[in-house]
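Novice: Sequence:
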Amino acid sequence: MKKLTVIQTLPALNAGGVERGTLEIGRALVAAGHRSIVISSGGRLVAQLEAEGSEHITLPVHKKSLFSLWQVAPFRKLLAEIKPDILHARSRVPAWIAWLAWRKLPTNNRPHFVTTVHGLYSVSPYSAVMTKGERVIAVSHTVKAYILKNYRHCPSDKIQVIYRGVSAAEFPHGYQPSHAWLNQWQKDYPQLEGKIVLTLPGRITRWKGQSEFIDLIEQLIAKNLPVHGVMVGGAEAKKQAYLEELKAEIKARGLEQHLTLTGHRNDIRDIFSQSNIVYSLSNDPEAFGRTSLEALYIGTPVIGWNHGGVGETLTTCYPQGAVPFKEMAQLVAKSVQLIQQPELPAPMTELTLETMCQSTLAVYESLVE
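Numbering-wise (my numbering), the sequence shown opens with residue 1 and increments by one.
If you're looking for bench data, these hints aren't it; they were derived computationally from the structure. One thing to keep in mind: the hints can contain errors.
As the list claims (entries may be wrong) - List of simulated lysine-lysine pairs, BS3-like, C-alpha gap at most 30 Å: (1) 158 x 132; (2) 77 x 64; (3) 64 x 132; (4) 2 x 63; (5) 64 x 144; (6) 64 x 239; (7) 132 x 83; (8) 2 x 77; (9) 223 x 326; (10) 144 x 326; (11) 3 x 104; (12) 2 x 64; (13) 247 x 326; (14) 187 x 63; (15) 326 x 238; (16) 132 x 144; (17) 251 x 223; (18) 195 x 251; (19) 223 x 187; (20) 63 x 132; (21) 63 x 238; (22) 63 x 247; (23) 132 x 77; (24) 326 x 251; (25) 158 x 187; (26) 3 x 83; (27) 104 x 77; (28) 251 x 239; (29) 77 x 3; (30) 132 x 104; (31) 195 x 77; (32) 223 x 334; (33) 63 x 144; (34) 223 x 238; (35) 149 x 132; (36) 195 x 149; (37) 247 x 187; (38) 132 x 3.
In this text, all values refer to a predicted model and were calculated from it rather than measured experimentally.
Produce the complete structure using the sequences and hints provided.
Specialist: Shown next, in the form of structure tokens:
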């Protein structure tokens, strides 16, 4: 196989699943002897990307504004100079810039254009750009079905499902944090000592299921179970009012001793290791739901609504954790069952990072061949 030059483009390199996936593919390309380039507006992960052998080109491809069209010409110039084999767009604004730059190149001098649909985007001409790839990667069968339903022009055989993967080295089964971390955790949250810790990860926003989680904790406390609910996630400036609403609801129900909001944390793996059960209760189906998979990887049970990408993950990896959507009575019953008779997930062999990387590189290679 010849050495490939692959350009990935996304808005920025700060934090998130898209960003992490970009770094992971960059790392896999370098390990396989290919040239990996990322075009974004920059961010704190650039240093890591470059340390791992990829190149970074800074271009303001992140603004949802017509002014972003000014980046089409510089982007086309870069494509003409670099002559990549593959151009892989991972988000809508950079995808528009990349596609408009790409389509004006001579057909015999164009890279192959690939897109990844990471989310269940609003259905619109703006989002349709994510279906313009010669190959369209969907991060779950939920996403593939969503594309086929809403973008009829995109044929099924052009879409390839490649699940996001988790690294067993990063999330090893039976993982335990350091003594220093544990001491600090116990100091910060003494209210968790001796409790069954139930954790809901996710930023503070109406659709992530915080309200249902409060209902759940209230019902479990009423059954005299020694549980403590932990909500891990920050609230953006525009979500502060909702955060205050949640705090008021917790106070009104007399649950202040039974629920903790940690705010944003960067140590989710450590928190999962100290949780008895992790939950996924999003009202809207998740495109994939990586946090649920990460918890399962280290051996923590997960209970979640059986819809979207999380439903797919649970069905594949931990079916006893799947609960019909919005069935609160079943959610409570399943929680009681796993509290009283814990069923720990077996070491994971499905949905690995290696499989994700190999499958993505295989897409690139098949196009070039």
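Novice: Identify every previously stated hint that the structure contradicts and give their numbers, smallest first.
Specialist: 4, 12, 14, 22, 25, 31, 34, 36
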